[in-house]
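Novice: Please arrange chain B on chain A, whose structure you already have, making use of the hints.
2 protein chains.
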Amino acid sequence: MIVTPVTYRFDQPLALRSGAVLPAYELVVETHGTLNADKSNAVLVCHALNASHHVAGFHADANGQPLPRSEGWWHNMIGPGKPVDTNRFFVIGVNNLGSCFGSTGPTHTNPATGQAWGADFPVVTVEDWVDAQARLLDTMGIDTLAAVMGGSLGGMQAVSWTLQYPDRVRHAVVVASAPNLTAENIAFNEVARRAIVTDPDFHGGHYLRHGTLPRRGLRIARMIGHITYLSDDVMNEKFGRALRAADGEDPAAIAELAYRYSTTDVEFQIESYLRYQGDKFSEYFDANTYLLITRALDYFDPAREHDGNLSAALARAKAKFLLVSFTTDWRFSPARSREIAKALLENDRDVSYCEIDAPHGHDAFLLDDARYHAAVRSYFEHTVGAAR
Amino acid sequence: MIVTPVTYRFDQPLALRSGAVLPAYELVVETHGTLNADKSNAVLVCHALNASHHVAGFHADANGQPLPRSEGWWHNMIGPGKPVDTNRFFVIGVNNLGSCFGSTGPTHTNPATGQAWGADFPVVTVEDWVDAQARLLDTMGIDTLAAVMGGSLGGMQAVSWTLQYPDRVRHAVVVASAPNLTAENIAFNEVARRAIVTDPDFHGGHYLRHGTLPRRGLRIARMIGHITYLSDDVMNEKFGRALRAADGEDPAAIAELAYRYSTTDVEFQIESYLRYQGDKFSEYFDANTYLLITRALDYFDPAREHDGNLSAALARAKAKFLLVSFTTDWRFSPARSREIAKALLENDRDVSYCEIDAPHGHDAFLLDDARYHAAVRSYFEHTVGAAR
Numbered sequence: 035m036i037v038t039p040v041t042y043r044f045d046q047p048l049a050l051r052s053g054a055v056l057p058a059y060e061l062v063v064e065t066h067g068t069l070n071a072d073k074s075n076a077v078l079v080c081h082a083l084n085a086s087h088h089v090a091g092f093h094a095d096a097n098g099q100p101l102p103r104s105e106g107w108w109h110n111m112i113g114p115g116k117p118v119d120t121n122r123f124f125v126i127g128v129n130n131l132g133s134c135f136g137s138t139g140p141t142h143t144n145p146a147t148g149q150a151w152g153a154d155f156p157v158v159t160v161e162d163w164v165d166a167q168a169r170l171l172d173t174m175g176i177d178t179l180a181a182v183m184g185g186s187l188g189g190m191q192a193v194s195w196t197l198q199y200p201d202r203v204r205h206a207v208v209v210a211s212a213p214n215l216t217a218e219n220i221a222f223n224e225v226a227r228r229a230i231v232t233d234p235d236f237h238g239g240h241y242l243r244h245g246t247l248p249r250r251g252l253r254i255a256r257m258i259g260h261i262t263y264l265s266d267d268v269m270n271e272k273f274g275r276a277l278r279a280a281d282g283e284d285p286a287a288i289a290e291l292a293y294r295y296s297t298t299d300v301e302f303q304i305e306s307y308l309r310y311q312g313d314k315f316s317e318y319f320d321a322n323t324y325l326l327i328t329r330a331l332d333y334f335d336p337a338r339e340h341d342g343n344l345s346a347a348l349a350r351a352k353a354k355f356l357l358v359s360f361t362t363d364w365r366f367s368p369a370r371s372r373e374i375a376k377a378l379l380e381n382d383r384d385v386s387y388c389e390i391d392a393p394h395g396h397d398a399f400l401l402d403d404a405r406y407h408a409a410v411r412s413y414f415e416h417t418v419g420a421a422r
Numbered sequence: 035m036i037v038t039p040v041t042y043r044f045d046q047p048l049a050l051r052s053g054a055v056l057p058a059y060e061l062v063v064e065t066h067g068t069l070n071a072d073k074s075n076a077v078l079v080c081h082a083l084n085a086s087h088h089v090a091g092f093h094a095d096a097n098g099q100p101l102p103r104s105e106g107w108w109h110n111m112i113g114p115g116k117p118v119d120t121n122r123f124f125v126i127g128v129n130n131l132g133s134c135f136g137s138t139g140p141t142h143t144n145p146a147t148g149q150a151w152g153a154d155f156p157v158v159t160v161e162d163w164v165d166a167q168a169r170l171l172d173t174m175g176i177d178t179l180a181a182v183m184g185g186s187l188g189g190m191q192a193v194s195w196t197l198q199y200p201d202r203v204r205h206a207v208v209v210a211s212a213p214n215l216t217a218e219n220i221a222f223n224e225v226a227r228r229a230i231v232t233d234p235d236f237h238g239g240h241y242l243r244h245g246t247l248p249r250r251g252l253r254i255a256r257m258i259g260h261i262t263y264l265s266d267d268v269m270n271e272k273f274g275r276a277l278r279a280a281d282g283e284d285p286a287a288i289a290e291l292a293y294r295y296s297t298t299d300v301e302f303q304i305e306s307y308l309r310y311q312g313d314k315f316s317e318y319f320d321a322n323t324y325l326l327i328t329r330a331l332d333y334f335d336p337a338r339e340h341d342g343n344l345s346a347a348l349a350r351a352k353a354k355f356l357l358v359s360f361t362t363d364w365r366f367s368p369a370r371s372r373e374i375a376k377a378l379l380e381n382d383r384d385v386s387y388c389e390i391d392a393p394h395g396h397d398a399f400l401l402d403d404a405r406y407h408a409a410v411r412s413y414f415e416h417t418v419g420a421a422r
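Quick note, the sequences are listed as chains A and B, same order. Numbered continuously in the working numbering, the first sequence closes out at residue 422. Numbered continuously in the working numbering, the second sequence closes out at residue 422.
So that you can see chain A by itself, here it is in the shape it has in the complex (with noise of 0.2 Å):
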């Protein structure tokens, strides 16, 4: 299943809601599947962190053929036959403003001064993304969207859709995601920023105009970030307090390593994968897109206009909910989607709410687990996919 990205211009301008007004912008859009006759199955997939609009299928080589490991970041969800089934519904990815995977971002050209946007770029928030994704639509020519979907942050994006444009969204599924980050989130995402900020090669964001990248930076930041999307549980599980084998020596004899006392070289398997994550991590992706897409997350509050109730906030919204969390999930926990769930509740909206008994953490919403993906399928295929 190839799959080939648009891009989709706007030239009418964004007013965002930090006051700054972006002239112009590009999306860069994946679809999947056939959008039917009366525009009535769309669904809009929304991206977390470090994803994209690249949800699902493969990209091409030269030749046409499936590129290895290009498939989508939700690839076990979206496709023929897979919980979100691309042969019923019409499924859009879409890549947010200020990302670096193609739509309009720090890395791309500022109009103004013909140099990089870098840290320029203006501070994009959840409702700032769904406003450009309605843009989007419109161009499109759907009116309502059948649902809209997203985990952790995308799933803070499918919320906000429902308030914005409560006509137009019929389903809302949110998969571990929250009704605003909590002290200890935005601590995280705090000392992953300084780490990128106070990188010497970080030049006040304008690095790219030094020809340098603060990968000592964004190392630190996406190891504190792996750290927080695994539970304590899986992390003893896969790595426990196993030692690396160094080269040359048998992985058969791990348990039986000496320590090597040393405090900088690897000693022990989860140093290793930490490395290795933010190593691969600091080679693709943006400094300046790290900053803003945790300052989105810590933004999102939609309670905060109504004085803190979230009841007050949720009173706007007509869609109906799937709500899911995963029992180990220390960062964004089932707390937090109860905390939804009760507030549609005391609006008197139509919510289903599944709390997965997964060992997995925060990764868990990617992951392929049998009763979560049954419950995706099954809200898809008999209410969202009912009659009307």
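Treat the hints with care, since some could be wrong.
[To be verified] Think about it this way: if two alpha-carbon atoms lie no more than 27 Å apart in a straight line, the pair counts; the simulated DSSO-like pairs of lysine-lysine are: (1) A/K73 with A/K354; (2) B/K376 with B/K354; (3) B/K376 with B/K352; (4) B/K272 with A/K376; (5) B/K376 with A/K272; (6) A/K116 with A/K73.
[Claimed, not checked] Pair by pair, the computed Cβ-Cβ distance ranges are: (7) B/S296 with A/Y318: 18 to 28 Å; (8) A/N270 with B/T173: 34 to 44 Å; (9) A/R411 with B/Y310: 45 to 55 Å; (10) B/R243 with A/H237: 25 to 35 Å.
[To be verified] A partial selection of chain A residues facing chain B, derived with a Cβ cut-off under 7 Å: (11) S52; (12) A221; (13) E224; (14) T232; (15) R250; (16) R329; (17) Y333.
What the hints contain is simulated information worked out from the structure, not anything from laboratory work. This one's a predicted model, so the numbers in the text were calculated from it and none came from an experiment. A virtual CB, placed ideally from N, CA and C, is assigned to each residue, including glycine.
Specialist: Leaving out everything else, chain B in the frame of chain A:
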């Protein structure tokens, strides 16, 4: 209650677990109370990551008056009439090898080179610290401790005392500790170390020779540490999503503040708190010490030599134990203390275990909590202090 540190010099070489030998070294010590005639009332207090020998009392200014804010790190626990009552017990606080608070460490001169040890200071383990502490007791003429006591990494030293010198410890008081670190704990330590080591001012650990200090890395390390010392609950209670008022803004109007829409300015109070803690720490703590002490935490694992069987590892212990844990401590969770209790009970050892329902996370072991302090007081009064 003024206390003055005393330096003990040791000229016999100390063989370390790493195979390295420390040719000679100094330990800085403070004592409280009076050693009784049969030298049976000594309590050794072991410190954790960023603490020292200065467990209680105040340091004096030039006029012999208490210096403001100079109280010891466990002043609410130790002193006349306190849970560890220095009217009755002779309390010894000792700074560990590798520290930056007086005992021989990386900022001291390496006799082999005439320069600061820096990165060449040997890796030290919990077991090495205990060996050095045992020599100190030899010098002080103390054969047997009434008790050895510590929290967190200090608790690991207390456990190790009962295994390395089982005949020299009558009681071990082990607070908010663990039989080893989990993968998640090692992961947090590793990210902190990478932040320090990859700071360009680190210079391979020889920053003193370069006239620099890796303050950026230390700040990040401390921010990460602080997040893990607090519970999610207490962070929400203390900071929540409150915004920080800028200079000149009315703090009473904080709740009404608008977002500033910046990725680099302080927006939330939790950010301000973490930056302040990071800045403060980076001014006084030595980076190499941070690496050494986090590595000592990683390495501690008495069950390792017994194929992971903690019960077999603790069979050597003869002491009686008081274990204390705190419900919201996710760094050294109650489950970890219960592992120690279980392994001791399997050896028919005498164990008291207190699980304190406290909201403060790992930090709770340093805070005033009536139930916690009552338990320690009662243990010292009735059990440690009982006629033998």
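Novice: Below or equal to 27 Å on CA atoms is what counts here, so check A/K116 against A/K73.
Specialist: 21 Å, holds
Novice: Check the hint pairing B/K272 with A/K376 against an upper bound of 27 Å on the C-alpha distance.
Specialist: Status holds; Cα separation ~25 Å.
Novice: Holds or violated: is there a CB of chain B closer than 7 Å to the CB of A/R329?
Specialist: Since the shortest Cβ distance to chain B is 5 Å, the answer is holds.
Novice: Hint check: is the beta carbon of A/S52 less than 7 Å from a beta carbon of chain B?
Specialist: With a closest approach of 3 Å, the A/S52 hint holds.
Novice: For the restraint on A/E224, tell me whether the closest CB of chain B is nearer than 7 Å.
Specialist: Since the shortest Cβ distance to chain B is 5 Å, the answer is holds.
Novice: Hint says 34 to 44 Å; check whether the CB-CB distance for A/N270 and B/T173 agrees.
Specialist: 41 Å, holds
Novice: Once the shortest beta carbon distance from A/A221 to chain B is found, is it less than 7 Å?
Specialist: 5 Å, holds
Novice: Return holds or violated for the Cβ distance of A/R411 and B/Y310 against the range 45 to 55 Å.
Specialist: 49 Å, holds
Novice: Quick check on A/R250 please, does its C-beta sit within 7 Å of some C-beta on chain B?
Specialist: 5 Å, holds
Novice: Need the status of pair B/K376, B/K352: alpha-carbon distance at most 27 Å?
Specialist: 15 Å, holds
Novice: Is B/K376 close enough to A/K272, meaning Cα to Cα at most 27 Å?
Specialist: 25 Å, holds
Novice: Would the stated hint for A/Y333 survive a check requiring a Cβ distance to chain B of less than 7 Å?
Specialist: 6 Å, holds
Comparing the model with each numbered hint stated earlier shows that all of them hold.
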